[in-house]
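Chains A and B supply the protein sequences, listed in that same order.
Heads up, the first sequence stops at 387 in my numbering, and the numbers go up one at a time, no gaps.
Heads up, the second sequence stops at 1320 in my numbering, and the numbers go up one at a time, no gaps.
Hints may be right or wrong, so weigh each one.
Claimed, not checked - Here are the simulated lysine to any residue pairs, SDA-like style, with alpha carbons at most 25 Å apart:
id, chain 1, residue 1, chain 2, residue 2
1, B, Lys1291, A, Asp167
2, B, Lys1139, B, Asp1154
3, B, Lys1291, B, Lys1139
4, B, Lys1105, A, Arg353
5, B, Lys1291, A, Ile161
It should be emphasised that the hints constitute simulated quantities derived from the structure, not laboratory data.
Here's the letter readout for the chains.
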Amino acid sequence: MKGNGVTGNANPLRRVGALVDGARDWWEHAKAWQRYLVYLGAVVFALILPAPAIGSFMSPGADWTSVLIYPIGTYILLAVGLNVVVGQAGLLDLGFVAFFAIGGYSVAYFGTQYGWNYWATVAFGIILAAVSGVILGAPTLRLRGDYLAIVTLGFGEIVRITANNTDEIGGARGITNVPHPTDIPGVVEFGLLPAPYYYLILIAIVLVIIFSVRLQKSRVGRAWAAIREDEDAAELMGVPTFKFKLLAFAIGAMIGGLAGGIYAGKAVFIEPNTFPFILSATILAAVVLGGAGNLPGVILGAFVIAWLPERFREVNWLKDVLDRDPAEYRILLFGGVLVLMMALRPEGLLPSRRRRAELHEGTGGMGTMGAEVAGPDTDVTTTEAAK
Amino acid sequence: MLDEFLNQFLPSTVGGLVVGSIYALVALGYTMVYGVLRLINFAHSEIFMIGTFTSLVVITAIAPASPLTGFALFGVMLLLILLSAAISGGAAMLLEVVAYRPLRKKGATRLTALISAIGASLFLQELFALVVIPWLTGKAGRNQQSSPRLVDRDTVFTIGNAAVRTDHIIVVVAAVVMMVALDRLVNRTRIGRGIRATAQDPEAAVLMGVSIDNIVRVTFLLGGAMAGVAGALYLMEFENTVYNVGFVLGIKAFTAAVLGGIGNLRGALVGGVVLGLIENWGAIFLGSEWKDVIAFTVLVVVLMFRPTGILGESLQKARA
């Protein structure tokens, strides 16, 4: 085993790691009141985030609160959901956008066609997403991990093409006039102003984070970690691996569905092309970039990936140099970053310690790519540890 | 419905064989890399895309005033196939060096490698859309690019109500020739023995003096070259391409590889043709807009009931 974050490697990302390690040591030994102070600080920060003073720097061109809802808030919600699947259970899902679409479409369809209450459609969308997660997972979760990735990718495309070809749900034209969330009398009114939606998505994110952390620390979370590290060993130790993988899939899907419901309520209009494969890849990039399995990392990753392209859109000299909207380069950049990250720091910017150890051991649920195929200059201990 | 099916059955079969041959050629690349490295080379679809654009450039440069026939056609097709194969093969080797070799040396997990592959795929697509295609063609990178007609759509013979055209014959014959050549190479030559040995047991192969780096390089080269040939045939047949042409076709080719038994060269042929046929027959009932859904459903169903595919996994021995 190598790499405790401080080994003398000429990798600049390691220095970030050392800094993070310091903060993390403090956190681990922090008293309860100190931790609650940090939580409080984070919530207060989130509450005042839409302030125009912050917005004028973060998003000079577009309405900052709207940018906070989509893409930033939505990406964070999706990334926290995908993190359950990829980070915690170690399953690679390349079709996560399908659940986002299912949530969005159920709000749009049942809201416009049957006039259901918004909150009921969101709840129904979450259930529908969970059910489709189980339907997809039941036959496929017994497969090897990389097969699963391709099957989920296919599923994402099936959902999108089906929406595109089904006239009942609007076909390629999509659904317009999706109802806004139902007002809560005396408390909040959902109209054209973005602020209520921001606080709605903030509440959703906080709830999902609490849910996710509680899960991670429970028996379920430990089971996921065991499956991720070595599925066969977990099975032998009496962990019903299939059930837990299915659970991870369903929970991830529910969070995706929730994000879709909130998105549709704000956007008023959805169409199949709102849910392309590239969105799945983007959310995956966010999770991996931030550090799969570690919530602060995942949130950071989602924020960076959602915000940077929006910000670069406003940089005028960059626009002149490139001769087009700099945001067009974001996917190119994601692709490059994914390759670089995997080569330099596969555990992400803010990894969970456990996950990092797993990656450096070369386990992580799926065995090592050509571990046995390594050349003579391979770190022998790494190869041994993979067995 | 049944009448319609019987009426369209033979034409659909011809179409299925043609598109199936292209799937099969692309599937070879997935199958060989998976056999040797146990890696889904997600960026393989972009290697195919590079092949289509190489051919587009060549055809545009030749710019035949009228569709070619006879010797001229044969020569141009050969040139097209060789150039596309060379460029795609080279790109595949470069891809291996940049995106996979560093990971392989570190003994990274397969999940890590797959994410790197996805990154490389996105990077290549966008690189073409933003830089390469505007530079090559002078047109907007995200638009469909159409090519001049190279081969006349003459009917050579008919089977029932199905017309078999010159271009159909070229695609199928070229694909079969390439596949037989590859099969010979892998089963009869020294380098092929190295590939098979590595797929079976990499450690023992190293001990027997096989240079793994060379074998991996050759595997990517051969797989890439096959994708290049597929790209040339695709462009000749469908006469247009776009920066993300490889995305759906790549998933389908991977489906074909799994369907036939991943790691199995002959399985790729069987899988490609079967997938092409199922998709085209299914489209008679449901309409051609459902083709992709049919193909992906086939993938799920195959993985559910026979994850080792029709012919089984043979380049490697099945391992957990």
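Going down the list of hints, with the structure as the test:
no. : hint                  : verdict
1   : Lys1291/B x Asp167/A  : holds (17 Å)
2   : Lys1139/B x Asp1154/B : violated (31 Å)
3   : Lys1291/B x Lys1139/B : violated (29 Å)
4   : Lys1105/B x Arg353/A  : holds (23 Å)
5   : Lys1291/B x Ile161/A  : holds (10 Å)
Going down the numbered hints, you'll see the structure goes against 2, 3, while the others check out.
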